[in-house]
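With chain A fixed as given, assemble chain B onto it according to the hints.
Protein chains: 2
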Amino acid sequence: MLRLDLNNLFSERIGPEGIDWPAMLAAHARSLEVARDALLERKSNPEAFLGWIDVPEDTETLRRVLRYRQANGWVEDLVVLGIGGSALGAQAVSAALGNGSVRLHFVDNVEPEPIIGLLRTLEPHKTLVNVISKSGSTAETMAAFLVFRQWLELAVTDWKKHVVVTTDPAKGILRPYAEAEGLTAFEVPPSVGGRFSVTCPVGTLPLAFAGVDLESLLAGARKSNEQARGALEHNLPAQTALVNHLFSQRGKNIVVFMPYSTRLRYLPDWFVQLHDESLGKMRDRQGNEVRTGTTAVRAIGTTDQHAQVQLFREGPRDKLTTFVRLLAPSENLEIPAVKGLEGLEYLFGKSFFELLDAEAKATAHALAKAGQPNYTLALEKLDAYNLGWLLQHLMWQTAFLGELWNINAFDQPGVELGKEYTYALMGRKGWETLAQELKAEGVE
Amino acid sequence: MLRLDLNNLFSERIGPEGIDWPAMLAAHARSLEVARDALLERKSNPEAFLGWIDVPEDTETLRRVLRYRQANGWVEDLVVLGIGGSALGAQAVSAALGNGSVRLHFVDNVEPEPIIGLLRTLEPHKTLVNVISKSGSTAETMAAFLVFRQWLELAVTDWKKHVVVTTDPAKGILRPYAEAEGLTAFEVPPSVGGRFSVTCPVGTLPLAFAGVDLESLLAGARKSNEQARGALEHNLPAQTALVNHLFSQRGKNIVVFMPYSTRLRYLPDWFVQLHDESLGKMRDRQGNEVRTGTTAVRAIGTTDQHAQVQLFREGPRDKLTTFVRLLAPSENLEIPAVKGLEGLEYLFGKSFFELLDAEAKATAHALAKAGQPNYTLALEKLDAYNLGWLLQHLMWQTAFLGELWNINAFDQPGVELGKEYTYALMGRKGWETLAQELKAEGVE
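Same order as they appear, the protein sequences are chains A and B.
The opening position of the first sequence corresponds to residue 1 in my numbering, with each subsequent residue numbered one higher.
The opening position of the second sequence corresponds to residue 1 in my numbering, with each subsequent residue numbered one higher.
Just chain A, same shape as in the assembly (with noise of 0.2 Å):
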């Protein structure tokens, strides 16, 4: 059960009698339900990169995953090769929800001295390594592969048990080399983009690993389905991408996603990317320049209270907050009492839980008070079902404050640049001209 608490966004007017939320969602409720009918109606285009909708009632797919997670009980370590969205989610769910009977690393960099650390510390006997990119082009992945491959090689009799990969189901060059030399592979829908992806294999695979109860992650994923197709009252997504989109229209141009949870301690991570590279582009659909956009900020609660709190409350009025905050534990746990140190009264035989329930709620009205407006939503406890409920959420808010700014939110032509500058400093074949120009402009 997901809830959305608006009652901190008092402080901050949004109408002039103080906030009539029902009203408000009337006054936008067209735009809001053209902005729906829209993406429902482009679903069927796999060009429109609305796979994502639909991922989530796939339970062949998840069988075959789960069918493969069981047929190699043998691994105890699980490196995934993936970055961004070939990675983010399936960390998040993980760090949230793993059980840790397979330990998972996951490669998202290049720098050379953690992966020899790494190298030098697994078993390859042991090891699993799921090679993720849609294209197959990816620099840093695909460099990370070829390092492993060649580690397996050189360790096990069959590297080729020990590689699992995660792909496009045509394009690209790794689906001919999974064939060519008979790996076990698995598809990147092609209407699903990165940060799109932790529904689908680029995320349940390593979740099977991690343990994690996969079946429940999509029925939740499909209740904010259920919600997003439906009536605006009830229409979550549609509500948190309207409060979203009337903030940025009154000059907040920052998005801090604060849970209360260090098991959530990556879904900021997961967020920030699904956020700044759906959402922040140059151009509308009709090419014309836009100017307003917002940038999302991680933080975790109640460790940034003492690190960026002060700041979000009384640093300037730039800002609107979503708090995550759980309504339940799944365990808790006593605070003793402890003689000499009586000035901690008030904590002896209250719960960590309490603690940290109340540090949330007076965060909260703290920052409602100096006028910095915040929303909660809440999760009954934390779970598979109510994360993927969370998961879906936050990819049709985003989805839906795509169309409210009339941008394509599912692709990011803004990336390009930097990987054609990183193959004229490579010396890749053909980009010597480029070369040549950054040379001249003292990049080299």
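Everything labelled a hint here was simulated from the structure, so no lab data went into it.
Check each hint, because a few of them may be wrong.
Identical chains share a label here; the pair holds if one copy fits it or two copies do between them.
Heads up, simulated DSS-like pairs for lysine-lysine below, C-alpha to C-alpha not over 30 Å straight-line [what the hints assert, rightly or not]: (1) K161 with K171; (2) K381 with K439; (3) K350 with K223; (4) K439 with K160; (5) K369 with K429; (6) K350 with K429; (7) K439 with K161; (8) K369 with K350; (9) K171 with K429; (10) K350 with K339; (11) K350 with K161; (12) K439 with K350; (13) K439 with K369; (14) K160 with K350; (15) K439 with K223; (16) K350 with K43; (17) K429 with K339; (18) K126 with K223; (19) K419 with K429; (20) K419 with K171.
Frame of chain A; chain B shown alone:
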């Protein structure tokens, strides 16, 4: 050796003729010199919280820390109970330079499940608990201490050997408790605030167990002191403070901090606290309202090229980015050629560091080309000396910015209200009236 590369500021022309940095610096020489002199003059006043400047000179305290570490060779797991400034420095430096001989665990939140998990996994006989709180009243840290103390008492014969306290030499409730119980205790100098405490025992004690070369870390910090006290043309902290100041004046309200290194993955978190808590202030020293300010955003290269760089390049022009780049690896790794993957030929035979370095340069240049200003702090390599230099540099930069903005960079008044609400919600004696008020406002 720390180097400043301002080449990629050019696209956002600060001066009418593009950037003429020496001239720009000369134009602001007076205010920077006033700032430096004010900081150095206030240093002798403990209430000014400038103790961090002289801490790296205090080799006597460091010797005591190292003796304690040597006398406790039995430790296999070190649990740091600390939050915010009591955790972030040691976390950043140990991730970058720790040798893994002792495992460090940071308890920096009060979510019950991760604490329960840690208590179940740790072997008490081999565990040392370092409780770090200057005031001894930090709710999260002290709640964790109450639990860990009891856990040790029940499991080992001499629990006091397994606890080491880092706190104020006189104030607060931890100091008298440590004395009454005969616990080993180290000092947080009264003139050093949490976010400036990495070179005092708050940072050095855990880092001694992590195997970090602390003499070199402090020597590096002293090198930055030398620069900060010296003439402007070699005063890197004054210069980066000026860059930040000029762009904030031009409406950039977001500063991105992006090292190209997985080993430096927690450095942005440390910087975010340093920046946000120091500079996010509502009032200047005269009590006037401050209307501007900047929010720090965490990023890691290359990883965030696949998450945030789309927005950094194509999104709103509201950002100034600081890159941190390493000029040489500690150890490198070659990318092997693989038959069947000739599409990756440009990577064959190259090294991981070459790829990392090319991507760092490519991204910085691509941002500049899009009119997104950025500069680079280049470290000769990632070792204790250079990292100590960088940490102290960033502390000085923050202090200079506080002076340029005429705010107190060394307090954090904005976190008080949240603490008071927490006391009220936790039913602490003396907070009944506030609890009633909160209830009337719907918070309970």
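Tested hints:
| no. | hint | in the structure |
| --- | --- | --- |
| 1 | K161 with K171 | within (23 Å within a copy, 61 Å between copies) |
| 2 | K381 with K439 | between (55 Å within a copy, 24 Å between copies) |
| 3 | K350 with K223 | neither (35 Å within a copy, 48 Å between copies) |
| 4 | K439 with K160 | neither (42 Å within a copy, 62 Å between copies) |
| 5 | K369 with K429 | between (59 Å within a copy, 23 Å between copies) |
| 6 | K350 with K429 | between (65 Å within a copy, 14 Å between copies) |
| 7 | K439 with K161 | neither (45 Å within a copy, 61 Å between copies) |
| 8 | K369 with K350 | within (27 Å within a copy, 56 Å between copies) |
| 9 | K171 with K429 | within (21 Å within a copy, 66 Å between copies) |
| 10 | K350 with K339 | within (16 Å within a copy, 62 Å between copies) |
| 11 | K350 with K161 | between (51 Å within a copy, 27 Å between copies) |
| 12 | K439 with K350 | between (64 Å within a copy, 20 Å between copies) |
| 13 | K439 with K369 | between (54 Å within a copy, 15 Å between copies) |
| 14 | K160 with K350 | between (53 Å within a copy, 25 Å between copies) |
| 15 | K439 with K223 | neither (54 Å within a copy, 33 Å between copies) |
| 16 | K350 with K43 | neither (50 Å within a copy, 42 Å between copies) |
| 17 | K429 with K339 | between (72 Å within a copy, 18 Å between copies) |
| 18 | K126 with K223 | neither (37 Å within a copy, 47 Å between copies) |
| 19 | K419 with K429 | within (14 Å within a copy, 60 Å between copies) |
| 20 | K419 with K171 | within (19 Å within a copy, 55 Å between copies) |
Going down the numbered hints, you'll see the structure goes against 3, 4, 7, 15, 16 and 18, while the others check out.
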